[in-house]
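Each chain, written out:
2 protein chains.
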Amino acid sequence: MKPRNFSSSGGEWLRGTGPESDIVISSRIRLARNVDGYSFVSRMNSESRETLEVYLHQRIRDLAGKLGLEYRNLKEASMLDRLLLMERHLISREHVNMDGDRGVAYTAEEMVSVMTNEEDHLRLQVLRSGLQLDETWELVNDIDNRLAELVPYSFHSRLGFLTACPTNVGTGMRVSVMFHLPALVLTKQIQKVFQAVSKIHLAVRGLYGEGTMAFGDFYQISNQVTLGKSEEEIIQGFKSLVPRIIVYERKVRDRMIEDNRTRLKDTVSRAFGILQNAQTISSEETMDLLSKVRLGVNLGLLSDIRISRVNELFILTQPAHLQKLEGKDLDPQDRDVVRAQFLRKHLQN
Amino acid sequence: MKPRNFSSSGGEWLRGTGPESDIVISSRIRLARNVDGYSFVSRMNSESRETLEVYLHQRIRDLAGKLGLEYRNLKEASMLDRLLLMERHLISREHVNMDGDRGVAYTAEEMVSVMTNEEDHLRLQVLRSGLQLDETWELVNDIDNRLAELVPYSFHSRLGFLTACPTNVGTGMRVSVMFHLPALVLTKQIQKVFQAVSKIHLAVRGLYGEGTMAFGDFYQISNQVTLGKSEEEIIQGFKSLVPRIIVYERKVRDRMIEDNRTRLKDTVSRAFGILQNAQTISSEETMDLLSKVRLGVNLGLLSDIRISRVNELFILTQPAHLQKLEGKDLDPQDRDVVRAQFLRKHLQN
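Line order of the protein sequences matches chains A and B.
All residue numbers for the first sequence refer to the working numbering, where the first residue is 1 and numbers rise by one.
All residue numbers for the second sequence refer to the working numbering, where the first residue is 1 and numbers rise by one.
It cannot be assumed that every hint is accurate.
[Unchecked claim] So the derived label-pair ranges between C-beta atoms look like this: (1) A:E326 x B:K188: 33 to 39 Å; (2) A:Y55 x B:R261: 51 to 57 Å; (3) A:I200 x B:S282: 44 to 50 Å.
[Unchecked claim] Listing some non-contacts, in silico: residues in chain B with all C-beta distances to chain A over 12 Å: (4) G37; (5) D134; (6) E138; (7) L147; (8) K239; (9) L325.
[What the hints assert, rightly or not] List time: in silico DSBU-like cross-link candidates among lysine-lysine, alpha-carbon distance up to 35 Å: (10) A:K345 x B:K345; (11) A:K251 x B:K345; (12) A:K345 x B:K251.
Just so you know, these hints were derived from the structure itself, not from any lab.
We put the beta carbon where it would ideally sit given N, CA and C, even for glycine.
Kindly generate the complete structure, drawing on both the sequences and the hints.
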């Protein structure tokens, strides 16, 4: 399969058009599923993995027509292509680095992805722009139901879906809401959010999930409990928490504008000026500055750029995307120069 | 006298057209003179000061036609106008703040200025762009000779010219060369210059002379000895020192370019980007960033702005100039906002 061209546009979730998208970047739900009669992936040898991958690929192909899914075998894909898929949130970091036959199917607008032979045999994901928990759940649930007709899932009548890691047993569901919380970070109030979130047994993570750093003031909030609660109950938990975080961030933004509009405009304008002029820039600094620009656009303090463009730049300036753009591997130093070139080109007046 | 409009252009010395003007901003010589038969200024009461000021004003008027000098009485001038003259290096800080009748005459291109009733009765100054010690000396010497025909100077056959402060006795001459040494500052080698300079009894000062801080990587080097050496010998000392400092700064600039052109271009481009976008900015930060921009233009790393414009901005963004521009007193916070507006306007693409 010819890889899609990732250099010019981003997935649906980057459009920034969903509800509350000034603060909620995306809503994501993934379901972990395993196929009855097969060992978990970590216990399979390479032949069994290949057999299962072929089996799952065929089943997914039967779904593909209606959903517009295209399947790629990742064993054959280059490291760069795998990293590219990770940067777009289509596969996990583990899926990039593991060995053996495995693959991913995803739709053109990148809203749906299905990984095979990741930690579990199947990981179904729906990722949408803004706060759309019901819509996201409906879609992933629909795909899950259709796939269940083609694949016999490992299911235990008392425990629910069986998964490789006990923390996923039950619903096998992880809901992740990605927030952009620059005002809470700037005013050093983000810790209060962490405390509130951990009290109700949700986890806060960075941009690329478990074990990744929070760059660019992006924070993912995910459920930790998958057992003893229905999918609807888990989603309900988010529906009561998320609006409170949104209100908090928005209140702090408003207060910052009231207290010192000039200073805030100064911060976001300088960030824009540096992005427009730097000759070398790291990924971390880029995200930090783009975060301030994003805040500025959302507060009407900057008008030179659309929010969808800012969202895209977060992804397109990641290492694998830059290397894809240049058509070759780059060491970090060269990457920083190419990143600065790319930003200047896309942000010039 | 109607004050000249200072908001649009700077003095001749700001044009940056003189020899070695990438590193030597200006050459300045001032002569301290006192009038025979009068006490020193600090010992005069206000009536005597008035009498002397009228006397000197008349003598200067006799010179004015040929030189194009215009005279202003500073007792009548507002604080803002006095600060404006200081920011343009036409009068000293002491002359701004002292009381009583005193004045300044200066030419349209601001190359020549004559202060009356400063620390000494007369202070003659010539200030030229770049390294022009001989030309500067010729001109100030010529004015001194002409004035000597109209005013009897206090002169002692053994000591030379008598001055209020013993450190000026003899020639009454201070030579000051203003350097822009950003590469030596960035590479932390400026201390070596200080050491070399102090060994030969010259002093290093900031942008506005004695007791002022060095902002924007500007350093003035001045003689401390006025007694026991002729004017020509003092100038000769500068003529052997200055080229060595120029070579040193230039060598370090070249090495920086060789070692990491991208990093240097990054530094100067970011400085330009911040100046183009800031919404509030202090005088100190402005000078620091303009200094980097100046370095960038001189090294061919930035092409969006002429060096004369950069030189002007150093002066036009000073507090008094900004307030003159706005036509009113501004507190420091408002000044920082007006300064940023001014910079954006003059640096926009």
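Hint check:
The hinted range of 33 to 39 Å is satisfied by E326 (chain A) and K188 (chain B), whose Cβ atoms lie roughly 35 Å apart. Between Y55 (chain A) and R261 (chain B), the C-beta spacing of about 56 Å keeps the proposed range 51 to 57 Å intact. Taken as a hint, the range 44 to 50 Å holds for the pair I200 (chain A) and S282 (chain B), whose Cβ atoms sit roughly 45 Å apart. Residue placement check: G37 (chain B) keeps its beta carbon more than 12 Å from all beta carbons of chain A (closest about 58 Å).
Every C-beta of chain A lies more than 12 Å from that of D134 (chain B), the closest at about 41 Å, which supports listing it as non-interface. No beta-carbon of chain A comes within 12 Å of the beta-carbon of E138 (chain B); the shortest separation is about 44 Å. Remark: the non-interface label on L147 (chain B) is consistent with the geometry, its nearest Cβ contact in chain A lying 50 Å away (cut-off 12 Å). The beta carbon of K239 (chain B) sits about 38 Å from the closest Cβ of chain A, which is more than 12 Å, so the claim that it is off the interface holds.
At the 12 Å boundary, the C-beta of L325 (chain B) stays outside the reach of chain A, the nearest C-beta of that chain being 18 Å off. Between K345 (chain A) and K345 (chain B), the direct Cα distance comes to roughly 23 Å. Compliance with the 35 Å bound is thereby established for this hinted pair. With a C-alpha separation of about 33 Å, the suggested pairing of K251 (chain A) with K345 (chain B) holds against the 35 Å cut-off. This hinted pair checks out: K345 (chain A) and K251 (chain B) have alpha carbons roughly 33 Å apart, not beyond 35 Å.
Of the numbered hints given earlier, the model fails none.
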